[in-house]
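Engineer: So the sequences go chain by chain: V and A.
Sequential numbering of the first sequence, starting at 820, is according to the working numbering.
Sequential numbering of the second sequence, starting at 820, is according to the working numbering.
None of these hints come from the bench; they were simulated from the model.
Nothing here was measured: the structure is a model prediction, and the numbers come from that model.
Treat the hints with care, since some could be wrong.
No distinction is drawn between identical chains; accordingly, a pair holds when it is met within one copy or between any pair of copies.
What the hints assert, rightly or not - In silico lysine-lysine, DSS-like type, Cα no more than 25 Å apart, as pairs:
{"id": "1", "residue 1": "K1112", "residue 2": "K964"}
{"id": "2", "residue 1": "K1114", "residue 2": "K857"}
{"id": "3", "residue 1": "K877", "residue 2": "K1112"}
{"id": "4", "residue 1": "K824", "residue 2": "K883"}
{"id": "5", "residue 1": "K1185", "residue 2": "K824"}
{"id": "6", "residue 1": "K963", "residue 2": "K1067"}
{"id": "7", "residue 1": "K1178", "residue 2": "K921"}
{"id": "8", "residue 1": "K1178", "residue 2": "K877"}
{"id": "9", "residue 1": "K918", "residue 2": "K1067"}
{"id": "10", "residue 1": "K963", "residue 2": "K883"}
{"id": "11", "residue 1": "K970", "residue 2": "K1099"}
{"id": "12", "residue 1": "K964", "residue 2": "K908"}
{"id": "13", "residue 1": "K971", "residue 2": "K1027"}
{"id": "14", "residue 1": "K1107", "residue 2": "K938"}
{"id": "15", "residue 1": "K1114", "residue 2": "K883"}
{"id": "16", "residue 1": "K1111", "residue 2": "K877"}
{"id": "17", "residue 1": "K1114", "residue 2": "K856"}
{"id": "18", "residue 1": "K964", "residue 2": "K1095"}
{"id": "19", "residue 1": "K1185", "residue 2": "K973"}
{"id": "20", "residue 1": "K964", "residue 2": "K883"}
{"id": "21", "residue 1": "K857", "residue 2": "K973"}
{"id": "22", "residue 1": "K998", "residue 2": "K1061"}
{"id": "23", "residue 1": "K945", "residue 2": "K1114"}
{"id": "24", "residue 1": "K1178", "residue 2": "K938"}
{"id": "25", "residue 1": "K1107", "residue 2": "K1067"}
{"id": "26", "residue 1": "K1142", "residue 2": "K918"}
{"id": "27", "residue 1": "K908", "residue 2": "K877"}
{"id": "28", "residue 1": "K1095", "residue 2": "K883"}
There are 2 protein chains.
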Amino acid sequence: MREAKLIIADSEHDSNMYYATGCLVPDDFIYLEINSKKIVYIDDMEFGRVRNEALVDKVINYSKYSPGIDRDTFGRILIRILSDNGIEKVYVPGNFKMKYAKVLLDNGIRTEVVEPFFKERISKSKEEVEKISEVQRINESAFKKAITVIKKSKIRKDRKLIYNGNVLTSEFIRIILQKEFVANNCFCDYSIIVSCADDTVDPHEAGKGALIAGESIIMDVVPKSSSNRYYSDMTRTIVKGKASPEIKRIYNAVAEAQMIALSEIKSGIRADHIHKRIQKFFDSAGFKTGMKKGKMQGFFHSTGHGVGLDVHELPRINLNYQKELETGNVVTVEPGLYYPGIGGVRIEDMVVVTEHGCKNLTHFPKYLEI
Amino acid sequence: MREAKLIIADSEHDSNMYYATGCLVPDDFIYLEINSKKIVYIDDMEFGRVRNEALVDKVINYSKYSPGIDRDTFGRILIRILSDNGIEKVYVPGNFKMKYAKVLLDNGIRTEVVEPFFKERISKSKEEVEKISEVQRINESAFKKAITVIKKSKIRKDRKLIYNGNVLTSEFIRIILQKEFVANNCFCDYSIIVSCADDTVDPHEAGKGALIAGESIIMDVVPKSSSNRYYSDMTRTIVKGKASPEIKRIYNAVAEAQMIALSEIKSGIRADHIHKRIQKFFDSAGFKTGMKKGKMQGFFHSTGHGVGLDVHELPRINLNYQKELETGNVVTVEPGLYYPGIGGVRIEDMVVVTEHGCKNLTHFPKYLEI
């Protein structure tokens, strides 16, 4: 049976499509790989550009199949393209769109989901690690600017921070971060977390309003490079002024948990074992995890995840990922503890897995009080 | 047969999921709508936050179905959720992921693709039009800053533009635009087009390097609001210094084509008829469209597309969209002509369709030479 790999997606947001073609197209187009021969089918509008830019063997203008066809209707020509190439079975990524799959199924094309679609994406090449590090350097310079502003701010009587005469807010810090990103050809297409006090106990709460002295401030930021297309991911937790003894205790436990995870990571170790080890550490240090008054508290997210062309990709460091880490994996290490009434703490670095350990790609210092 | 609407997606990038839930979650979660009752199923980590934020009837923590389950594996619990609710058939959006569809099909759940999934998204409410306009105002203030810089630049002997002693580039203009966006809570997750000279003949070429006097410069920019989540879309074509007679002729034709389209648009008119009208206008004015030396030239993209939570959404103004425009549609009107050796011209406004015409949401002036 003649088989092919098939992707239909845009390449500005779908990272498999970008990985396959190396060029940016904002609307869905077709990628077909037959015996390692890579073919792109694209419309009139993009044809000239994509023929020059795409890192594939052949670029075909699909208007020859049906003039006037567009991206909303090209399911119809898909079958002709497959039959021209004698394809009876296709392998598609997990996020392959059902509207296209339906056309395949209705026409008797065997369709199999393959995940991960490009296995090689899980272990990064030296060049990929460099690209991620490049974005991380920019992330760190943005953090530095943001934290400097918080450092320079004054504490008002009501514990709000004042900077240049104005109340310092999550929103303002977000703008400082983003200005540094856009000046360096990066952007953020996920919410930028700058949360404070009660907001920090929800790990993905973006945060809003005034920053408060003595409360934990979580900054978790995932810039993406417009040019090299890779993400970086870093989290720091700080307190302006004096932190409470409870926050300090949590911070130290999270920092220690991160050290443990970092010391365990190496090629060949099972990801779920690292996660269990961190759960155990928090448990035995007296940091309980569970539902309380309808809200989770303690340590209730994964220890880490892969970072690359997607910000959350394989491998995972959690209970369900019962596989070994491999040399070249780039993963976050981000334990966290969250207790309503006290606050949340998360510290996140990115590392690349090596044969005997890991190399930390994050150089930003860790401290609580500023 | 008991039926439900089903979405499984993240809501930072999937606009149906955002439309359904009104809250931002960076990873896939489950939305189920049974007889207008809206239920979200979500993991431990997001539960507390999403329960507060989601505009739905009920938020359920799916860890009760299987502790430790995560987003990579929750296809497994999907069937339990559906069976608990007695669901035998689901309606899913066109971009429903095949990896989840496979679980449904393997378990005998009838699965039907519905496009558009939320019909009401095609015609915008007054509030939605206001949100889009808000983003458009920010887009215009960014264009103003960028064009001012081009205006202030000097023309060097080699026709490159000099600003503050440096060669003015696409990249620099992009940063000016983005700084204005991030200062106003917007971001760009699609390539920002600032192309010049030969690059302008490929409509989606982002552009790079020095801007050149006397050549057409196309700026096509689609900021998205981080807060209200809507896009705007605008294109202007300018020439620094003197434009050639050929560019002027093209510019005037495109401007006239846009006027024609704007004057035709109203509730009840067929979208494809408007597109054909513009094709005909260009043809009879002597602007030929077709393949030349393996490259399309003339007018070879659609006249417009819907704008909303997605930058390209229904309705379309092209040959394949053989439906009537309706009151409340927000569409772009963006004819363009592209001739290698001369250059490209595109002018794009956004309008809201009304009963007897349309209201232009774009207030930015149109001029060629600056």
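Engineer: Hint by hint, note whether the structure agrees.
Structural biologist: Evaluated hints:
1. K1112 to K964: neither (38 Å within a copy, 51 Å between copies)
2. K1114 to K857: between (49 Å within a copy, 21 Å between copies)
3. K877 to K1112: For K877 and K1112, only the inter-copy Cα distance (17 Å) is at most 25 Å; the intra-copy one is 59 Å.
4. K824 to K883: Within one copy, since 22 Å is at most 25 Å while 37 Å is not.
5. K1185 to K824: Neither way: K1185 and K824 sit 45 Å apart in one copy and 46 Å across, limit 25 Å.
6. K963 to K1067: Close inside one copy (22 Å), not across copies (49 Å); limit 25 Å.
7. K1178 to K921: neither (45 Å within a copy, 39 Å between copies)
8. K1178 to K877: neither (39 Å within a copy, 44 Å between copies)
9. K918 to K1067: Neither. Shortest intra-copy (52 Å) and inter-copy (43 Å) distances fail the 25 Å Cα cut-off.
10. K963 to K883: neither (54 Å within a copy, 41 Å between copies)
11. K970 to K1099: neither (35 Å within a copy, 63 Å between copies)
12. K964 to K908: neither (53 Å within a copy, 53 Å between copies)
13. K971 to K1027: within (20 Å within a copy, 38 Å between copies)
14. K1107 to K938: neither (37 Å within a copy, 46 Å between copies)
15. K1114 to K883: Classified as between: cross-chain Cα gap 13 Å, same-chain 57 Å, threshold 25 Å.
16. K1111 to K877: between (58 Å within a copy, 19 Å between copies)
17. K1114 to K856: Cα proximity of K1114 and K856: across copies only (23 Å, versus 52 Å in one copy).
18. K964 to K1095: neither (36 Å within a copy, 53 Å between copies)
19. K1185 to K973: within (22 Å within a copy, 47 Å between copies)
20. K964 to K883: Neither, since 53 Å and 43 Å both go past 25 Å.
21. K857 to K973: neither (59 Å within a copy, 46 Å between copies)
22. K998 to K1061: The answer is neither: 29 Å in one copy and 34 Å across copies each exceed 25 Å.
23. K945 to K1114: neither (42 Å within a copy, 37 Å between copies)
24. K1178 to K938: The answer is within: 22 Å in one copy meets 25 Å, while 50 Å across copies does not.
25. K1107 to K1067: within (16 Å within a copy, 72 Å between copies)
26. K1142 to K918: Between copies, since 20 Å is at most 25 Å while 33 Å is not.
27. K908 to K877: within (21 Å within a copy, 41 Å between copies)
28. K1095 to K883: between (56 Å within a copy, 20 Å between copies)
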